[in-house]
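Residue numbers (the working numbering), protein chains in the order written: chain A, 1 to 441; chain B, 1001 to 1258.
The set of hints was computed from the structure by calculation and includes no laboratory data. Don't take each hint at face value.
With a cut-off of at most 20 Å between alpha-carbon atoms, the simulated SDA-like pairs for lysine to any residue come out as follows [unchecked claim]: (1) 1078(B) <-> 1097(B); (2) 1078(B) <-> 320(A); (3) 1078(B) <-> 1147(B); (4) 1078(B) <-> 323(A); (5) 1078(B) <-> 326(A); (6) 1078(B) <-> 1246(B); (7) 1078(B) <-> 327(A); (8) 1078(B) <-> 1241(B); (9) 1078(B) <-> 1154(B); (10) 1078(B) <-> 322(A); (11) 1078(B) <-> 1249(B); (12) 1078(B) <-> 334(A); (13) 1078(B) <-> 1136(B); (14) 1078(B) <-> 1247(B); (15) 1078(B) <-> 1248(B); (16) 1078(B) <-> 1149(B); (17) 1078(B) <-> 340(A); (18) 1078(B) <-> 1145(B); (19) 1078(B) <-> 438(A); (20) 1078(B) <-> 330(A).
Listed below are the residues making up each chain.
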Amino acid sequence: MTRRLGPARGLARWLALYVVCALAGCDRGIAHVPEVQPSPERGAAPAAEAAERRADTPLDDVQRAATADQIARGAALALRFECARCHAHAELARPPDDANCAACHAQAARGTLEVGADDATQAEWRAHVRSYLNVPSLTFFGARLRRSAIAEMVRAPHDVRPHLAETMPRLAVSAAEAADLAAWLAPRAEATAPALPHDAATLAHGRQLVEELGCGTCHERGGEHLPARPLRVAIDAESLTRGIVLAPDLAEVPTRVRRDQLVQWLLAPRTIDPETTMPALPRSRAEAEAIAAYLWYAPIVPRAQSSVPARLPLLARRVTFAEVQARVFRRSCWHCHSEPDFNEGDGGPGNTGGFGFAGRGLSLASASAVRSGARDDAGLRRSIVRNAPGETARLVEVLLARQREEAGDARALRGMPLGLPALSAEDVQLVESWIAGGAGE
Amino acid sequence: MRHAPRSPALAYGRRHLAKRLGSRRRSARWLAGSPLLPSIVGVSMLVCAAVPSGVLACHNIIAITVDELARRVTQAEKRLTEGDTVGAVQTLRFALGISRGGEHGEYALADDPRSPGVARVRARGERLLAVAVVRRDGLIDRPRLRAGWVPDGVRAANFAWAERILGSARRDTPDAPVAIARHAEALARIPGRSAEALTALGELDRRDLVPDAWGYAVLARLADTRHDVAARDRAVRQCTTLGGAHADAVCPSFESMR
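Next comes chain A alone, as it looks inside the complex (with noise of 0.2 Å):
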C-alpha cells in the first residue's frame, strides 16, 4: 500500500518540473523547501508530487514546536491506542508480556519464551513466527521526521517499510488525534537548513555515491533499481537483517524526513537516533550533501502497483471448521480474537477490546464463537457469517477489505487482519466455502 501515482502521470509532471527548473536556471535549496500538508486522499500524492509542492509553499511553513498541550494530549493517547503493544519508547512502560506483541513474538523467535510448552513447540513457535520482530522504536521517531508525515502514518498508514510484511494498522484515530500523537512524537520545531545545490551533476553525483555506498542492499527507492553492493562499513548481521527489514522507501524523504536533519542523518545517524542500524556512509559533507539532494529531488520512478487478487469461485467439496481453523483462524485471527477465559479475562484486543477499540465481542476459537457474531459501532450483536442471497458475509467482507488495502484502496470497512499481510485470494475462498456450507463443525 505505497502511496502511487500513474506512472504516466507521474512522469509527465517530473518532466514538466525539470523543463522550468532547466529553463529558469533554479535554484531552489532544501531550506526553501516547506512542509507538505498530508494528502486529504491516499494514494493522491507521490513524494516527487509532494516535493514539487514543498518547494513552492513559503519557508515560513516550516514545522513549529508542539505546545505542551498538544504533547500531555499525545502521550495520553499513546496510552489509549496502545503504542507499546508494539513499538518501544522511553516515555511508555513496558506493558505486560501478553499484551506486548512484540516483546511476545520475539520471545517465541528466541525459543525463550516461559509458557507451558515442550521443546517440539517451542521449536515449532519458532519456526512460525514471523510478524512483529522488527519493529521500529518511535524514542527517537520524531528527531528525523516531520511530524505532518507521522501524523498522516498514524492516521492513514501505507506501506513505507518494502521489506516489513506488517503495517502500522488502521486505528480508530481522528485527524486531530493523529496531529496530538504526532506532535507527542516530535515536538521540535524544524531548523532553517542550508539551501543545496541540485543541479543535474549533482543528482547524477548523488545517484553515484548512493550506489557506490550501498544503499541499495537494504533501501528501495521507489521503482527505481538500486545495486545491492557491498557495504563500506562493517555491521553485524543481526543489525543488518534489522536494519534491511526496516529499511524505509527512500522515495519517501521529501514527505517524510526534517529537511533540517537529512545531511545529518547521512554523516552520523546515531547522533540523531543512538539506536538505528544506519550505518555512517558518506565520507564527507559534500558526499552526504549530494546524496541528500538526490533523495530530495531526482525523479521517482512510480513502484508496480499492486493488484487486488482475483475471488475465487467456492470449493466444490464440503468444507469443515477444523480446515478454516488450521488454516486461517490459528494462523492470523486468533491471536487478536480468542477465548477470554482462559487469559484471565482478555480475548484480545479483536474480543475485549484494544489498540483504543472498544469490545466486539468476537472469538475465532471455536465454530461456535464465529457464529456468535461480532458488535457493531452501535454495540448490537450481528453474524459475521450470514449467507443471505446476494449479500457477502461480513467475515469475507472484511478480508476482502485488506486485500484492498494492500492495492491502495482503503475503504471505510478496516481490513482484516490489521495491519498483517491480507489473507490469499485460497484462504478466502476456503473461509467463504465454508460459509457457503453453513459454517458448521
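The hints should help you fit chain B onto chain A, whose structure is shown.
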C-alpha cells in the same frame, strides 16, 4: 523429569501462556505451604519450576498448570459439541477436581486455585458441566462428577442447578449467543419455562446467531411439541448442517420425518 504433552494442540497460544513463569513462582510458594501435599513435594516443585512444561512430574505427584487445565476444559467442550456427553463429563471430572484445589490420582494443581486464571477456567468448566447435565437428561451424579442413573428428585435438582449456572452466565454476558442458547437449552428442560427458551432461541435464529447445532436441536423439539412441523423441519435441517459429521449424535429425528 518432564512429561511430554498429551496432544500436539499444546500450542495453546503464546500470549495466553506467557504468564507462566510468574504463575509458576506463585505456585511453588503455594505448594510449599500447602497442607495438601507433603513438604518434599513442595521442595521438589521448586526444583522442577526451572523447567518449562505444561505438566510437571516430581516424585510421585504430577503437577498440572492452569494452561494444561484450560486444555482439558477445551477438550471437554469439544466432546460436548460432538455429542460425547459422557466423555465430556469424564474430562471435566479431572479438570474440575483439580481446579478446585484437590488432587486427582497422582495429579495436583501447580497453580494457586484462588488465582483469577484458575477461577475463570473452573467457572467455564462448571458451565460446561451444567450443559452436560442438560444434554444428559439430568442423569449425572454431580458430587462425584459421573454420568449415570440418579433418582428423579436429584434429576430435577440437577436441572434447577444447571439453569441457575447457565442463567448466571447469561446475565454476565447478556449479548453472547452461546450463553443465551445454553441457558435456553436448560430452560427448555424446566416445566413451564419452554416458552422462554423458544423466545430466546427464536430471536437468535432470526438474527442468524444460533451458535451451534444444539440450539437448533432444542428449537426443533420445541417446535415439535407445538406441532409446528415447518419450523421443526427447518430447525432439523439447520441442525444437520451445523452438526456436520456429528449431526447424528446431536440432531433429533421425528417419526413423521422418516
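20 Å limit on alpha-carbon distance, applied to hinted pair residue 1078(B) and residue 1246(B): Judged against 20 Å, a Cα distance of about 11 Å means the pair holds.
Pair hint residue 1078(B) and residue 320(A), alpha-carbon separation not exceeding 20 Å: This hinted pair holds, its Cα atoms lying about 14 Å apart.
Proposed proximity, residue 438(A) with residue 1078(B) (alpha carbon, max 20 Å): holds (19 Å)
Restraint status (C-alpha distance of residue 1078(B) to residue 1147(B) at most 20 Å): holds (17 Å)
Restraint status (C-alpha distance of residue 1078(B) to residue 1149(B) at most 20 Å): violated (24 Å)
Satisfaction of hint between residue 1249(B) and residue 1078(B), Cα-Cα up to 20 Å: Roughly 13 Å between the alpha carbons, so the hint for residue 1078(B) and residue 1249(B) holds.
Pair hint residue 1078(B) and residue 340(A), alpha-carbon separation not exceeding 20 Å: The given pair, whose Cα atoms are some 17 Å apart, holds under the 20 Å limit.
Residue 1078(B) paired with residue 1247(B) [C-alpha distance capped at 20 Å]: holds (14 Å)
Pair hint residue 1078(B) and residue 1145(B), alpha-carbon separation not exceeding 20 Å: Holds. Residue 1078(B) to residue 1145(B) sits at ~18 Å (cutoff 20 Å).
20 Å limit on alpha-carbon distance, applied to hinted pair residue 1078(B) and residue 323(A): Roughly 15 Å separates the two Cα atoms, so the pair holds.
Hinted pair residue 1078(B) and residue 1097(B), Cα distance within 20 Å: Holds: residue 1078(B) and residue 1097(B) sit about 19 Å apart, inside 20 Å.
Given hint residue 1241(B) paired with residue 1078(B) - CA-CA distance at most 20 Å: Measuring from Cα to Cα gives roughly 17 Å; hence the hint holds.
Violation of the numbered hints given earlier is confined to hints 9, 16; the remaining hints are satisfied by the structure.
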